[in-house]
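Protein sequences, first through last, are from chains D and S.
Per the numbering used here, the very first residue in the first sequence carries number 1; after that it's consecutive.
Per the numbering used here, the very first residue in the second sequence carries number 1; after that it's consecutive.
In short, the hints are calculated from the structure, not lab data.
Wrong hints could be hidden among the right ones.
To be verified - Listed below are several chain D residues computed to face chain S (Cβ distance under 7 angstroms; list not exhaustive):
no.: 1; residue: 51
no.: 2; residue: 54
no.: 3; residue: 76
no.: 4; residue: 77
Said to hold, decoys possible - Now the stretches of chain S that chain D is said to cover, found in silico as 3 or more residues with beta-carbon under 8 angstroms:
no.: 5; stretch: 187-199
no.: 6; stretch: 231-237
To be verified - Lysine-lysine pairs mimicking BS3-like chemistry, simulated, CA-CA at most 27 angstroms apart:
no.: 7; chain 1: D; residue 1: 65; chain 2: S; residue 2: 195
no.: 8; chain 1: S; residue 1: 269; chain 2: D; residue 2: 65
no.: 9; chain 1: S; residue 1: 273; chain 2: D; residue 2: 65
no.: 10; chain 1: S; residue 1: 71; chain 2: D; residue 2: 65
no.: 11; chain 1: S; residue 1: 71; chain 2: S; residue 2: 84
no.: 12; chain 1: S; residue 1: 84; chain 2: S; residue 2: 291
no.: 13; chain 1: D; residue 1: 40; chain 2: S; residue 2: 211
no.: 14; chain 1: S; residue 1: 103; chain 2: D; residue 2: 66
no.: 15; chain 1: S; residue 1: 71; chain 2: D; residue 2: 66
no.: 16; chain 1: S; residue 1: 211; chain 2: D; residue 2: 65
no.: 17; chain 1: S; residue 1: 269; chain 2: D; residue 2: 40
no.: 18; chain 1: S; residue 1: 273; chain 2: S; residue 2: 125
no.: 19; chain 1: S; residue 1: 211; chain 2: S; residue 2: 195
no.: 20; chain 1: D; residue 1: 66; chain 2: S; residue 2: 269
For each residue, glycine too, the CB sits at the ideal point set by N, CA and C.
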Amino acid sequence: MLPEIDKAQQSIGIPEREEIIAILNKILEEDFEIDPSLLKPEASLRDDLGLDSLDGVDLVVAIEKKFRFRVDEEEARSIRTLTDIYESVDRHLLQLAENQR
Amino acid sequence: MKTQGGTEQTNRWTGRTRGGYLGNWIFINLLRIGGVWIAYFFLVPVTFYYLLFASQAVMASQAYLRRQGYKLQSIIGRWWLTFKHFFSFGQTLLDRVAIIAGKASRYTFVFEGQHHLETALAGGKGVLIISAHFGNWQAAAHLLGTLNVPVHIVAYENEVAPIKQLFAEALKKKLFTIISLGNDAAGLEIMTALKRGEIVAMHADRTIGDKHSVRLNFLGAPARFPSGPFTVAALSGAPLVHAFAVRRRVCSYHLYAYPPQHLAFGSRKDRPKQLEQWVSLFVQRLEAHLKSYPLQWYNFYEFWEEPLSLSS
Numbered sequence: 001m002l003p004e005i006d007k008a009q010q011s012i013g014i015p016e017r018e019e020i021i022a023i024l025n026k027i028l029e030e031d032f033e034i035d036p037s038l039l040k041p042e043a044s045l046r047d048d049l050g051l052d053s054l055d056g057v058d059l060v061v062a063i064e065k066k067f068r069f070r071v072d073e074e075e076a077r078s079i080r081t082l083t084d085i086y087e088s089v090d091r092h093l094l095q096l097a098e099n100q101r
Numbered sequence: 001m002k003t004q005g006g007t008e009q010t011n012r013w014t015g016r017t018r019g020g021y022l023g024n025w026i027f028i029n030l031l032r033i034g035g036v037w038i039a040y041f042f043l044v045p046v047t048f049y050y051l052l053f054a055s056q057a058v059m060a061s062q063a064y065l066r067r068q069g070y071k072l073q074s075i076i077g078r079w080w081l082t083f084k085h086f087f088s089f090g091q092t093l094l095d096r097v098a099i100i101a102g103k104a105s106r107y108t109f110v111f112e113g114q115h116h117l118e119t120a121l122a123g124g125k126g127v128l129i130i131s132a133h134f135g136n137w138q139a140a141a142h143l144l145g146t147l148n149v150p151v152h153i154v155a156y157e158n159e160v161a162p163i164k165q166l167f168a169e170a171l172k173k174k175l176f177t178i179i180s181l182g183n184d185a186a187g188l189e190i191m192t193a194l195k196r197g198e199i200v201a202m203h204a205d206r207t208i209g210d211k212h213s214v215r216l217n218f219l220g221a222p223a224r225f226p227s228g229p230f231t232v233a234a235l236s237g238a239p240l241v242h243a244f245a246v247r248r249r250v251c252s253y254h255l256y257a258y259p260p261q262h263l264a265f266g267s268r269k270d271r272p273k274q275l276e277q278w279v280s281l282f283v284q285r286l287e288a289h290l291k292s293y294p295l296q297w298y299n300f301y302e303f304w305e306e307p308l309s310l311s312s
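All chains should be modelled from the sequences, with the hints used to inform the complete structure.
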């Protein structure tokens, strides 16, 4: 993640990157029964973690519930790796915080 | 002619049309020029052909018919019933083409439970319709067209390009769009269509692998049914409607739509139990319709987990 986003997050009180990663990894471990050793940032959701199209929908819904924002179809389609998810959540939380200011 | 037969355990049907380009071209033109009865007439030798050369489909048909309670003791009786089973499938395929090629006015349709779908649609969350490879879903799609809401059919689309083109040219009116299960974004497309308040129809009787499936007793023996459609309904909040379109007699279809269900997941650990209950209700209804229309079951592969022992 870009350092400036980290700083911005700290300044407006939204979870930091590490916290977001921990929350998302916990969802993947507990709800999708994924071996924690596989949860590397570059891991492909389909090829490395074995998530199919239905799991993808389930994951998007779980993220939307947890962080209270909506992921649109175009953005969801572009998500391929864990890093893509982390960055997407980062962006949305930052956007939410900015909207609330 | 389309087939739904196949041999591999993990991917037991190919989703491809059998009979090749020429066979399909001939039947489409027979329907165009001669009408349904002429096409049915030419279906007789084609059915014989499949009876003689599609041995796996013959075995699957006879295994299914035995599970339905048919004794099939005499060879003639066995082959006659399988012939009727295959012929019924051929009629369904021809009717499908006739309906989408603009000859729907030659058919009669009864839509029982239309108000259930209208009520479900009024909620604005779209509707997920669940059916099976039973009867004629194209007839159902024709009736769904009367609701004036976009309809999407979720299907495993693996047709070769020339045959796809052939069918596309035969269409007079596009009744629905296809969401292809081979596409990684299929789940998202389904959710987006439902969010727009549209109709998504899926079959819930074939599995691809064991993931997202439930093992249930079906016609007296364990078989796997997909739980994915029910998961989609619970995640999206869209009402789920069971629907079956059966041929009651020649050129006459009856669509049964059940009252909508509003599915919601509890905790993660409760999910398997919930899914089993939801799928079980669907399977019970499917079994009830199959008792009335046994020859309209079109899964010509070994559907059950264990082959039927002839001694049993």
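Would you check the hint for residue 273(S) and residue 65(D), treating anything up to 27 angstroms between C-alpha atoms as holding?
-> It holds: about 22 angstroms lies between the C-alpha atoms, which stays within 27 angstroms.
Against chain S, run the beta carbon of residue 76(D) and see if the smallest gap drops under 7 angstroms.
-> holds, 5 angstroms
Residue 65(D) and residue 195(S): Cα distance at most 27 angstroms?
-> Between residue 65(D) and residue 195(S) the Cα gap is close to 16 angstroms, so the pair holds against 27 angstroms.
Between residue 71(S) and residue 66(D), is the straight-line Cα distance small enough, at 27 angstroms or below?
-> violated, 56 angstroms
Restraint status (C-alpha distance of residue 71(S) to residue 84(S) at most 27 angstroms) = Given pair residue 71(S), residue 84(S) holds - Cα atoms ~15 angstroms apart, limit 27 angstroms.
For the pair supplied as a hint, residue 211(S) and residue 195(S), confirm whether the alpha-carbon distance does not exceed 27 angstroms.
-> Satisfied, since the Cα-Cα distance of roughly 26 angstroms is no more than 27 angstroms.
27 angstroms limit on alpha-carbon distance, applied to hinted pair residue 40(D) and residue 211(S) = Holds - the C-alpha atoms of residue 211(S) and residue 40(D) are around 24 angstroms apart, at most 27 angstroms.
Between residue 84(S) and residue 291(S), does the CA-CA distance stay at or below 27 angstroms?
-> It holds: about 16 angstroms lies between the C-alpha atoms, which stays within 27 angstroms.
Mind checking the alpha carbons of residue 269(S) and residue 65(D) for me, to see if they're no more than 27 angstroms apart?
-> holds, 18 angstroms
Distance restraint between residue 273(S) and residue 125(S), which requires alpha-carbon spacing of 27 angstroms or less = Cα-Cα ~25 angstroms, so holds.
Examine the stretch 231-237 of chain S: at least three residues should have C-beta closer than 8 angstroms to a C-beta of chain D.
-> As far as the stretch 231-237 of chain S goes, the hint holds, because 3 residues have Cβ atoms under 8 angstroms from chain D.
In terms of beta carbon proximity below 8 angstroms, does the stretch 187-199 of chain S have 3 or more residues touching chain D?
-> It holds, with 6 qualifying residues against the three required.
Checked against the numbered hints above, the structure violates hints 1, 10, 14 and 15; every other hint is satisfied.
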